[in-house]
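Visitor: Sequence:
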Amino acid sequence: MNNKVWYPYSQMQLKESRYTVVHAENEYITLDNGQQLIDGVSSWWAAIHGYNHPELNEALSEQVNKFAHIMLGGLTHKPAEDFAEKLVQITPKGLNHVFFSDSGSVAVEVGLKMAIQYWSNKGEKAKCKFVSLKKAYHGDTFKAMEVGDDSDYQSSYNHILNKGFYTSIPKGGFNPTKDELKEALSELKSILEAHSSEVAGFIVEPIMQGAGGFQIYSPEYLTEAKKMCSDFNVLFIADEVATGFGRTGKLFACEHAGITPDILILGKALTAGYIGHAATLSTDIVYDAFLGSTYEEAFMHGPTFMGNPLACAVGLKSYEIFEREDYLNKIKHIETQFKVAFSDYQHEEVHEIRICGCMLVIETIHEECVNDFKAYAIEKGLWLRPFGKYIYATPPYIISKEGLELIISGLLEWFEKK
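For the sequence shown, this note's numbering assigns the number 814 to the initial residue and increments by one for each residue that follows.
To be clear, the hints were calculated from the coordinates, so they are not data collected in a lab.
Every residue gets a Cβ at the ideal spot worked out from N, C-alpha and C, and that includes glycine.
Pair ranges (Cβ atoms, derived):
{"no.": "1", "residue 1": "Glu1162", "residue 2": "Glu894", "range": "50 to 58 Å"}
{"no.": "2", "residue 1": "Ser1106", "residue 2": "Asn971", "range": "39 to 47 Å"}
{"no.": "3", "residue 1": "Glu894", "residue 2": "Lys935", "range": "23 to 31 Å"}
{"no.": "4", "residue 1": "Glu1000", "residue 2": "Ser1156", "range": "27 to 35 Å"}
{"no.": "5", "residue 1": "Asn846", "residue 2": "Asp1157", "range": "32 to 40 Å"}
Using the sequences and the hints, build the whole thing.
Guide: Below you can see the structure in the form of structure tokens.
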């Protein structure tokens, strides 16, 4: 293995198996030995159209022949303006302003900085901490780690992270009992009652947590939590880097609860896996707090590649395809197939199976049950990358009937062998 590349989330000394891709098309990735694998995880949930999509390729080609990059400092361009306009149109009503950046983690940083400076500009500088959900993951940059709750990613930095407060998601998944919902909301209320004077915002991955184990929770919790934040003068921040653009069965997960967050964060599927890009949207109320006669009130942040024209051109075309091809119906079909296969499935090594939109996760009882799964999946012609106790599938929305069946049968066969 070439150790010139320092790979993510890897102990480089262990020299774990790594597979070289030479081509990718539709839901298939082709390895250098000629083997084809069905990508069951959409390259970390981003490649929603699969690979080598002709319309996305054309959009990229057309734009690169005009200009590949233009700074947004003192200049602007039509792809960025058009993409911002489209995002305002399709996101929950009231999110009227778009700040572009180059990755989901940076977009989270932007959202957190916005929240802190919002209160600072209003004369409330003490409001600089955050409430987040237990098992949350919001990225690997510093402020993003501070609102995360995953020791696997943060243990080396805990001694310098300025952590805030953590609250439990309700038990019971999508449909908790009244008591389960009440218990979770009471915990949040207790934190806000005690600390709202120092809390800038409550940040959540709405409906479905991603890298924290794909925990699923109630839309009603989101609805009530949003009201509570308003009551306690705390901004509500929705991190939809993983959930945005259909992954939970709605275009945006916030739609399950019928809410408009004060700040919305998008990434991953935003640009269909073609170019890393992200966006942080805000309401007029947040945006207006940065207006003034001096730069002291202004938001002094500017990633070099924000609003990159190639990314914006691909993002615009990606959503056009999403809408035209009725992807939400495709996602509903995938969810139905997952539920038919797994809703009543039981196995002595399975703790829980969770399904939401185009996402399936099997949480095992023992981490050892996942050992060697990746190699097994490769043998079956599947690219599935488990972590911890979790085996999950988040396939591209264009996956074929045969491809989806192979993922399902491969998962079932793995547990039949146990």
